[in-house]
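Colleague: Here the structure of chain A is known, so what remains is to put chain B in place on it, guided by the hints.
Listed below, chain by chain, are the residues.
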Amino acid sequence: MEIIEENQSGINIFKLNGRLDSNTSQGFEKKIFQAIDDGSKNMIIDFKDLEYISSAGLRVILKATKALKREEGKMMLCDMQDYVKEVFEIAGFDSFLPIVGSMDDALQSF
Amino acid sequence: MAKNKVSFKLKSKLSELDTLCEYLERFGQSLGLSKKCIFEANLALDELFTNIISYGFKDNKEHTIEITISHKNNKLIFSIEDDGLPFNPTKAEAPDLECTIEECKIGGLGIHLAKNLMDEVCYQRCKEKNILTLKKNIKEAEPAKKRAKG
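Protein sequence lines, in the order shown, are assigned to chains A and B.
Per this note's numbering, residue 1 is the first one in the first sequence, and the count goes up by one each step.
Per this note's numbering, residue 1 is the first one in the second sequence, and the count goes up by one each step.
These are calculated hints, taken from the structure and not from any lab test.
Derived DSSO-like pairs (lysine-lysine); straight-line CA-CA distance at most 27 Å: (1) B:Lys139 <-> B:Lys3; (2) B:Lys75 <-> A:Lys85; (3) B:Lys13 <-> A:Lys31; (4) A:Lys30 <-> B:Lys105; (5) B:Lys13 <-> A:Lys63; (6) B:Lys105 <-> A:Lys31; (7) A:Lys63 <-> B:Lys105; (8) A:Lys15 <-> B:Lys36; (9) B:Lys35 <-> A:Lys48; (10) A:Lys15 <-> A:Lys74; (11) A:Lys66 <-> B:Lys105; (12) A:Lys15 <-> B:Lys105; (13) B:Lys135 <-> A:Lys85; (14) A:Lys85 <-> B:Lys115; (15) B:Lys136 <-> B:Lys9; (16) B:Lys136 <-> B:Lys75; (17) A:Lys85 <-> B:Lys105; (18) B:Lys13 <-> A:Lys30; (19) A:Lys63 <-> B:Lys115; (20) A:Lys74 <-> B:Lys105; (21) A:Lys15 <-> B:Lys35; (22) B:Lys91 <-> B:Lys115; (23) B:Lys139 <-> A:Lys85; (24) A:Lys85 <-> A:Lys74; (25) B:Lys35 <-> A:Lys85; (26) B:Lys36 <-> A:Lys48; (27) B:Lys139 <-> B:Lys75; (28) A:Lys41 <-> B:Lys105; (29) B:Lys72 <-> B:Lys9; (30) B:Lys136 <-> A:Lys85; (31) B:Lys105 <-> A:Lys69; (32) B:Lys36 <-> A:Lys85.
Everything numeric in this text was worked out from a predicted model, so none of it was measured.
Excised from the complex, chain A in its bound form:
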């Protein structure tokens, strides 16, 4: 999996490309928590090019969302394929994670 990091007006953007599973979730966790350690409070995860996610990926997103909440920051998730969004819904995560349609919507929420 490829992770592209960008920064836009103080918001850390992570663009995920490929498969987020038990093999790749550790690398993703490391990157996100490095950014939190470096003081990042606002994040957007861009799912546009993500083909696959398993519970290992959900675990990292949950953990990071909790960590950001403690820092009074927030994480937005955007541009998911329908079948990726369905995984968040089956897991019940859509009730507490902010999932929006587009990157613009995510940026405007800050």
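Modeller: For chain B alone, kept in the frame of chain A given last:
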């Protein structure tokens, strides 16, 4: 012509998830299944396989997990066989989905996803092996699109 059945063996290590994905994609594409359907089957098998290799073996030896995928009467049928500790995922406790973010725990989520993405999940313990049989209903496979004439 599409084959109706494929069997393969995976070693008890996480890197085999890529092998699982390759087999499923090849099988799914040969039947003309949608991306969504292949994704859901992949996710269910991933979660159950990951669960087996994470909790199923107490020794440090390498084990083999045998997977069979078949297609019959608009159903996909999967079986997963392992020689690990007895474990019946159909009896596993469901996670609390009404929880708040603070209370939310990730345990049990993988099995919950797998059960939801399949139409039937059946467990047997037979000859020191766990045998899981999963069934997923699929719509009639769409024939390859004909080129517009003229």
